[in-house]
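Student: These are the residues of each chain, in order.
Number of protein chains: 2
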Amino acid sequence: MTDKIIVIDCLGADEGPEMVVSSISKALAELPSLSFALVGPKDLIESKLKELGSDMSRVEIVDANETITNFENPMTGIMTKPQASLVQAMKLVGSSDKYIGMITAGNSGAILVGSVRFLMNEQRTRPCMAAILPNAKDAFTCIVDTGATIDVDSYQLHEFAKLGSDFMKKLYKIDSPKVGLLSNGAEKTKGNKLVKETYPILEADTSLNFVGNIEGNKSLSGDCDVLVCDGFAGNQVLKNTEGMAKNLITDIVKYSKKNNRPEFMEVVQYLMSKYDISSLGGAFVLGARKTIVKARGNSNEKTFVNLSRMLLNYHEGISIYNK
Amino acid sequence: MTDKIIVIDCLGADEGPEMVVSSISKALAELPSLSFALVGPKDLIESKLKELGSDMSRVEIVDANETITNFENPMTGIMTKPQASLVQAMKLVGSSDKYIGMITAGNSGAILVGSVRFLMNEQRTRPCMAAILPNAKDAFTCIVDTGATIDVDSYQLHEFAKLGSDFMKKLYKIDSPKVGLLSNGAEKTKGNKLVKETYPILEADTSLNFVGNIEGNKSLSGDCDVLVCDGFAGNQVLKNTEGMAKNLITDIVKYSKKNNRPEFMEVVQYLMSKYDISSLGGAFVLGARKTIVKARGNSNEKTFVNLSRMLLNYHEGISIYNK
Chain A
26 MTDKIIVIDC LGADEGPEMV VSSISKALAE LPSLSFALVG PKDLIESKLK ELGSDMSRVE
86 IVDANETITN FENPMTGIMT KPQASLVQAM KLVGSSDKYI GMITAGNSGA ILVGSVRFLM
146 NEQRTRPCMA AILPNAKDAF TCIVDTGATI DVDSYQLHEF AKLGSDFMKK LYKIDSPKVG
206 LLSNGAEKTK GNKLVKETYP ILEADTSLNF VGNIEGNKSL SGDCDVLVCD GFAGNQVLKN
266 TEGMAKNLIT DIVKYSKKNN RPEFMEVVQY LMSKYDISSL GGAFVLGARK TIVKARGNSN
326 EKTFVNLSRM LLNYHEGISI YNK
Chain B
26 MTDKIIVIDC LGADEGPEMV VSSISKALAE LPSLSFALVG PKDLIESKLK ELGSDMSRVE
86 IVDANETITN FENPMTGIMT KPQASLVQAM KLVGSSDKYI GMITAGNSGA ILVGSVRFLM
146 NEQRTRPCMA AILPNAKDAF TCIVDTGATI DVDSYQLHEF AKLGSDFMKK LYKIDSPKVG
206 LLSNGAEKTK GNKLVKETYP ILEADTSLNF VGNIEGNKSL SGDCDVLVCD GFAGNQVLKN
266 TEGMAKNLIT DIVKYSKKNN RPEFMEVVQY LMSKYDISSL GGAFVLGARK TIVKARGNSN
326 EKTFVNLSRM LLNYHEGISI YNK
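These protein sequence lines map, in sequence, to chains A and B. No gaps in the numbering here: position 130 of the first sequence is 155 in this note's numbering, and each next residue is one more. No gaps in the numbering here: position 58 of the second sequence is 83 in this note's numbering, and each next residue is one more.
Only chain A is shown next, with the shape it has when bound in the complex:
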């Protein structure tokens, strides 16, 4: 084993554990400084890795066959299923400094409950989920929170701003990330109660490069590196982005077919690669002792490789919360 290990929850992805193991086999080949602790059905994992000719010296396997499904109450799941792959993975990642983080496609609610239960740091920060989306300046914008904490207060939004700023510093090596506050207008006076309460708090925090309110049409303009919002609004930004990308891409496909212009499919390919949230994607749970990456349920073989690389980059930044 190398000195940096990522814990992988092999259960929870729609395509099943074989896909996850194939993806990790690729990650082992591409990221030689990393080792992986795979939590899931031991026999299946072992035989699949061997079949793919993976470097078994950088693999640790923890047997787990139980999952917390999306239909279960997350709290009940975490409390009553100590053998579930997610619970075992969380306990493992918290057990030693050599585990730098974990990746799971499991139940989001259970990930959040579990991160509070097993991995909360002493500052008792409420966790948030950060998503990274491509912006109009050919860079990336971090949205915090995208759904971890639906009903929040201004204290929590301030925490999210700090976590998001720190995250972008480490992940993209941005010295002083521009932090914007999602609102319904750019002026300082605009916003709902929560936004109006939060604005002066962010403005007063000199450790943040606060750039003021950001309107929805500028959320991915690149005017800010970190977009701060409550989990409900952030969930809208995240999912609207996905929905609109899908709608416009579908429009082009239809237009191409209707007008018999197959060459327009090149545009479709280009946009799909830029906005392919399933391979890029995943949300980072920030604010716990270890970084937990939530991969999407419909992850594909590229997903776990990309997320492993991001987790490694992030870890090699100036770590504050990961100790």
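Because the hints were derived from the structure by calculation, they are not lab data. Some clues are possibly wrong.
[To be verified] What follows is a set of in silico ranges between Cβ atoms, one per label pair, in the way DEER data are often shown:
(1) A/Pro57 <-> B/Lys283: 28 to 36 Å
(2) A/Asp122 <-> B/Met100: 52 to 60 Å
(3) A/Tyr180 <-> B/Tyr180: 25 to 33 Å
(4) A/Ser121 <-> B/Arg286: 47 to 55 Å
[What the hints assert, rightly or not] Cross-link-like lysine-lysine pairs, in silico, BS3-like; alpha carbons within 25 Å at most:
(5) A/Lys282 <-> B/Lys282
(6) B/Lys221 <-> A/Lys203
(7) A/Lys271 <-> B/Lys67
(8) B/Lys67 <-> B/Lys29
(9) B/Lys67 <-> A/Lys282
(10) A/Lys218 <-> B/Lys221
(11) B/Lys299 <-> A/Lys282
(12) A/Lys218 <-> B/Lys218
(13) A/Lys75 <-> A/Lys51
(14) B/Lys279 <-> A/Lys162
(15) B/Lys218 <-> A/Lys282
(16) A/Lys279 <-> B/Lys282
(17) A/Lys271 <-> B/Lys271
(18) B/Lys271 <-> A/Lys279
(19) A/Lys271 <-> B/Lys218
(20) A/Lys283 <-> B/Lys67
(21) A/Lys279 <-> B/Lys162
(22) B/Lys282 <-> A/Lys271
(23) B/Lys299 <-> A/Lys279
The C-beta atom is built at its ideal place from N, Cα and C for all residues, glycine as well.
Given chain A, put chain B in place with the hints provided.
Tutor: What follows is chain B alone, placed relative to chain A:
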């Protein structure tokens, strides 16, 4: 004058009153059953209309030279500027049944304050702003509210649902519009406090065709005809849609140039016409005695023609709130 008159606030558009008057000149030619009451600088309006050869027998002009700017407090503006074009237009539209509605590109806040001050109906419904956006089923989805009421309660959201449903019945002649509630998940248990409180109220109202929670990625999927949300979240949906359309269209322009593929500009043209919010657009203020259409500041010559046509169609539906 014909028996249906639309009141036009000629001040407020970024391009100035000449553009608005040119647009109305087109509307006079295209919509022979309509007359217009133009509120703005009388000499300018008169000479411009004559220059364009418009039918002056269907035009009434009310002189106004003052505006409430976007930098003024809306309440102060409404209360201290009785001569402002917006205030005069609102008083005029409320003065007689022959005025079926009004269109203005003025200050949104002042429009809302004015509609409460001059045009509130006896039911004392809180106004909401409905926007109509193109959806994935090549139809339109009405978003209520898009920013009239930023901090709302479940009673108000219920009102918005009824107003939006009635609006789509009248505007698009949909018998039983599907009403969805914007949330962070499709399940009944998902939502912030407000959404969780509102869900059972909408579910219990048998006059509505309530289809449950709608996630952000489905907001313009066409799964609902009316998407109900608080003004803050609705503003995000509206502006994100606009922002994402702009980002993807810009992506294609860049890709086309970089790869020297001018033929891809046809895709750009197509998407721009489908998502051209400035000519399609405008939000409808619902819940007042008269329908007020807020045209975007960056309206063009097509805008007032399109909005006049929509206002006429809407008025000729089964009118409930317009009496």
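Student: For each hint, tell me whether it holds in the structure or not.
Tutor: For each hint, the structure was consulted:
{"no.": "1", "hint": "A/Pro57 <-> B/Lys283: 28 to 36 Å", "result": "34 Å, holds"}
{"no.": "2", "hint": "A/Asp122 <-> B/Met100: 52 to 60 Å", "result": "58 Å, holds"}
{"no.": "3", "hint": "A/Tyr180 <-> B/Tyr180: 25 to 33 Å", "result": "29 Å, holds"}
{"no.": "4", "hint": "A/Ser121 <-> B/Arg286: 47 to 55 Å", "result": "53 Å, holds"}
{"no.": "5", "hint": "A/Lys282 <-> B/Lys282", "result": "23 Å, holds"}
{"no.": "6", "hint": "B/Lys221 <-> A/Lys203", "result": "34 Å, violated"}
{"no.": "7", "hint": "A/Lys271 <-> B/Lys67", "result": "48 Å, violated"}
{"no.": "8", "hint": "B/Lys67 <-> B/Lys29", "result": "21 Å, holds"}
{"no.": "9", "hint": "B/Lys67 <-> A/Lys282", "result": "52 Å, violated"}
{"no.": "10", "hint": "A/Lys218 <-> B/Lys221", "result": "19 Å, holds"}
{"no.": "11", "hint": "B/Lys299 <-> A/Lys282", "result": "17 Å, holds"}
{"no.": "12", "hint": "A/Lys218 <-> B/Lys218", "result": "15 Å, holds"}
{"no.": "13", "hint": "A/Lys75 <-> A/Lys51", "result": "13 Å, holds"}
{"no.": "14", "hint": "B/Lys279 <-> A/Lys162", "result": "12 Å, holds"}
{"no.": "15", "hint": "B/Lys218 <-> A/Lys282", "result": "44 Å, violated"}
{"no.": "16", "hint": "A/Lys279 <-> B/Lys282", "result": "23 Å, holds"}
{"no.": "17", "hint": "A/Lys271 <-> B/Lys271", "result": "14 Å, holds"}
{"no.": "18", "hint": "B/Lys271 <-> A/Lys279", "result": "19 Å, holds"}
{"no.": "19", "hint": "A/Lys271 <-> B/Lys218", "result": "29 Å, violated"}
{"no.": "20", "hint": "A/Lys283 <-> B/Lys67", "result": "49 Å, violated"}
{"no.": "21", "hint": "A/Lys279 <-> B/Lys162", "result": "12 Å, holds"}
{"no.": "22", "hint": "B/Lys282 <-> A/Lys271", "result": "23 Å, holds"}
{"no.": "23", "hint": "B/Lys299 <-> A/Lys279", "result": "13 Å, holds"}
Hint violations for this structure: numbers 6, 7, 9, 15, 19, 20, all remaining hints satisfied.
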